[in-house]
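Novice: With chain P held as given, fit chains C and B onto it using these hints.
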Amino acid sequence: MFLKNCWYVGANADELGRGLLARTLLDERVVFYRKEDGTAVALEDRCSHRFYPLSKGDLKGDVIVCGYHGLEFDCTGKCVRVPGQTDVPQGSTIRAYPTVQRWGLVWIWMGDPAKADASLIPDIWRQDHPEWKTLFNPPIPVQGDYRLLGDNLLDPSHVAFLHKTTLGSDVAEVPHEMEAFDNSVRVIRWTLDRPAAPMFARLGGFTSNVDRWQIITWTAPCMIEVDLGSCVAGSGAINGDRSQGVEMRSYNFATPCTEKTFHYFWTHCRNYKHDDDNISKITREQVLIALSEDIMAIEGVQAGTDRYPDKRTINTRADGAGLRARRHLKGLIDAEQSEKTSINEAARATA
Amino acid sequence: MFLKNCWYVGANADELGRGLLARTLLDERVVFYRKEDGTAVALEDRCSHRFYPLSKGDLKGDVIVCGYHGLEFDCTGKCVRVPGQTDVPQGSTIRAYPTVQRWGLVWIWMGDPAKADASLIPDIWRQDHPEWKTLFNPPIPVQGDYRLLGDNLLDPSHVAFLHKTTLGSDVAEVPHEMEAFDNSVRVIRWTLDRPAAPMFARLGGFTSNVDRWQIITWTAPCMIEVDLGSCVAGSGAINGDRSQGVEMRSYNFATPCTEKTFHYFWTHCRNYKHDDDNISKITREQVLIALSEDIMAIEGVQAGTDRYPDKRTINTRADGAGLRARRHLKGLIDAEQSEKTSINEAARATA
Amino acid sequence: MFLKNCWYVGANADELGRGLLARTLLDERVVFYRKEDGTAVALEDRCSHRFYPLSKGDLKGDVIVCGYHGLEFDCTGKCVRVPGQTDVPQGSTIRAYPTVQRWGLVWIWMGDPAKADASLIPDIWRQDHPEWKTLFNPPIPVQGDYRLLGDNLLDPSHVAFLHKTTLGSDVAEVPHEMEAFDNSVRVIRWTLDRPAAPMFARLGGFTSNVDRWQIITWTAPCMIEVDLGSCVAGSGAINGDRSQGVEMRSYNFATPCTEKTFHYFWTHCRNYKHDDDNISKITREQVLIALSEDIMAIEGVQAGTDRYPDKRTINTRADGAGLRARRHLKGLIDAEQSEKTSINEAARATA
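Protein chains in written order, with our numbering: chain P, 1 to 351; chain C, 1 to 351; chain B, 1 to 351.
Isolated chain P, as found in the complex (with noise of 0.2 angstroms):
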């Protein structure tokens, strides 16, 4: 069901410290925490002796209590002592997670260790770059499929409903073209000589027509990119020259929960009023409120996928995109799945 072999955005840098946080990824049950000399840690949250959370224990050096029989574990999952005997009963040991803190975000590879690989984390530069200022955001739930997310941001045509108090008004019919990559899928839109829509004119303060562009970006399995921005209208945006006016990148990742919900982390960079905290402020007030629309929409449409199973969904023209990036990324997971079947398989034939 979910892409194991990948990196996913498991909790933003700043929420991890010397507590213990437990989520849920990909419907396994992780408590983060960091070591003493700060390095994110992320294990199985689950004492091997009864099943107690270990989120519910303590920390002692880098070793993690468990806060009932008092069970410790080091930060590979090994249990080191048992309290009141000296040795430790086969089996003890519980899973440890690659991570990787970069760009702001702790990254977890809940697949096989052996294979995590610290360069296949996205490249998002901008949000460590002293030209650019990022807003974190603690991750939202949402009740519905982390998929839901890329549908929706890979069909810029539900922004004329949907978002119409916030980014959209009249531009439902502007057309959008699709590039696929190796690994990405992209809708690329672009709206010439037109009013500035709510929130671009509160921030960028246009008092004429802008040239305005939608840029979206998923990358597997659950990364969209969206670069969104106003300029004033045939100051030459289109042909690359984006300085006359507001621009902004935001990175959502929809990293899975369980089957129907999932975490909504979110970033959002500009690259202009670095340290106006009003800007930021109303920045974050602006994208939670077109987040929030998104959410509602997610689950409605999941609750209606949940409500009618054995009806068939149509499709229009807008959902290409999106169709083409879960055709992708089935295709990774089928992969691996088959490659796990067969490391199964040589397994057994060997033995």
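Don't take every hint at face value.
Same chains, same label: a pair holds when it works inside one copy or across any pair of copies.
[Stated by the list, open to error] Below 30 angstroms or equal to it, Euclidean Cα-Cα: the simulated DSS-like pairs (lysine-lysine) are: (1) Lys-330 / Lys-311; (2) Lys-281 / Lys-311; (3) Lys-311 / Lys-260; (4) Lys-330 / Lys-340; (5) Lys-311 / Lys-35; (6) Lys-56 / Lys-260.
It should be emphasised that the hints constitute simulated quantities derived from the structure, not laboratory data.
Specialist: This is chains C and B only, laid out in the frame that chain P set:
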């Protein structure tokens, strides 16, 4: 499970306007609204695209616009516009349900629209007659099988126990008679020369004994008329002269929501003191107390039934009318099902 | 799943009166009340007519009257009246459960009434003895398998971790001994010449080290006696002289509610300062804090067990007594089941 080819009360007329009302009926999600000319419309509450509820959208003239991607549906359920394209995909039509507004209620036909015949709507003329004053009430959600309302109202023996403080007192042993008609079952009970029940004493101002009647008529699938009143003892009510007392009719409609829940619609008609708002207020209060007692009992029986799936109920003499009504309804449902089966078989044979 | 032919604590004596108390025991709904002479009665909480809960009805003398249609049941579960008719339908009798009030508790026998033998009730005489003061407590609902309470109390190694702030501190490594009896398992642990635990320091006013004991006796199916105390170090407690300190007994009863929930009854006896209400108050507060910690652990283990149905727990040395108690209980249940099976088979062979 439900009788389909019949009229159900879907809403009170005063519940519908230019907003969108979502309601689950017979396990189907329905959205109600009024056209610009006031006609009531009932559509499947499901955009055929991604199953987002249409009730979260907007009206544009007589057309309903999906709140997510803006697909538009007319009053027949036909998809008439998909933003961003000029054609409409195959399979995008949704269900429309025939509706009729009559007697202050909006009736809905959940079965084959070709069979919807407005002349089958029960004739409850008092709800639209100058000599009668009718109170309407928003439907009450009940956690129970809709047939339990018939069981309840057709058995007056419960009044002495469940409605001690409102309707009943010493009448448990008074026998009742049962009559059966084509599509109805009736229970008749006269209690002669006894003190008035608390509610009637308040409304009728009786200072001496009364003759009291309860004439309850169940009509398939789920309407129950209650003809209730008290007259001065010996003043001739039993022979048809109801002039020396207080008379009321209440109409009860248990429209199924799901298998184990229903919407309890009720109305209350009286032919005295039309303009006395205080009488209306007291009546509504008293009826709602009695109803809440019935609902408590219905929900308790439903819970008990769910709790003991393997135990068999026992029947008492007072259950006769209720059992007869259930048998009749089952016969109608079975007939409808076997008709559907034979139509399907004929269709398959032809194909 | 449950042992049936044995006594369970069904209620505290002070919970019962002339009202109706509904409680689920061993997955059966029971209604408790007292007869006019004060005798405790326990009946199936189900009117045999439509399964309306009898606990929503009323008492009429020693008879319980259903709140819906007025059927009456005597203390043996026999239906003695159906309003509106002179006879009583076949199959209208409901179950009555033997009860005995003893030691301030009402014991209930959920199995074959013919086998109910009051002499099998455990002898916890301190709860009814002038030299001991007993505190009773309303049962606490716990979301866990009732056997988890035995696991918890029979393993004193958890005290140092779960009860840091109340009972425990540095005693995790103190070894304990186990003894097994006919129907009981006992764990004994002495901690000599150590500072008093916070709760005992408060109650006993110790200024120097103490000798401390924990003697925990589980008795099938679900009673755990905790004999707990501290005396001035070296004053002879280990040889039986408990005069220089503080001694308490707590009795814990995990009466199953459903498969995964139980009612936690507990009492607390002390043989000092009977009339000091402040000691009673502090004791109750401290015990409730420790209990809430145990309950948190039990509910956490239950959740973990449900979460990982395919994973195997590991055992530690400290689990020995708990595992032994579970094995013994399983033996009793298996024996009861196979006896039932052979009786059924014999009955079938005869028929």
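Novice: Between the shortest in-copy and the shortest cross-copy C-alpha distance, which are at most 30 angstroms for Lys-281 and Lys-311: within, between, both, or neither?
Specialist: The answer is neither: 43 angstroms in one copy and 47 angstroms across copies each exceed 30 angstroms.
Novice: My question is about Lys-330 and Lys-340: at a cut-off of 30 angstroms on alpha-carbon distance, are they close within one copy, between copies, both, or neither?
Specialist: within (15 angstroms within a copy, 40 angstroms between copies)
Novice: At most 30 angstroms between alpha carbons: which applies to Lys-56 and Lys-260, within, between, both or neither?
Specialist: Answer is both; intra-copy 26 angstroms and inter-copy 21 angstroms each pass.
Novice: Between Lys-330 and Lys-311, at a C-alpha cutoff of 30 angstroms, which is it: within one copy, between copies, both, or neither?
Specialist: For Lys-330 and Lys-311, the Cα distance is within 30 angstroms both inside one copy (21 angstroms) and across copies (29 angstroms).
Novice: Using 30 angstroms as the alpha carbon limit, work out where Lys-311 and Lys-35 are close: within a copy, between copies, both or neither.
Specialist: between (50 angstroms within a copy, 28 angstroms between copies)
Novice: Should Lys-311 paired with Lys-260 be assigned to within, between, both, or neither, using CA atoms and 30 angstroms as the limit?
Specialist: Classified as both: same-chain Cα gap 18 angstroms, cross-chain 23 angstroms, threshold 30 angstroms.
The earlier numbered hint that this structure contradicts is number 2, and it is the only one.
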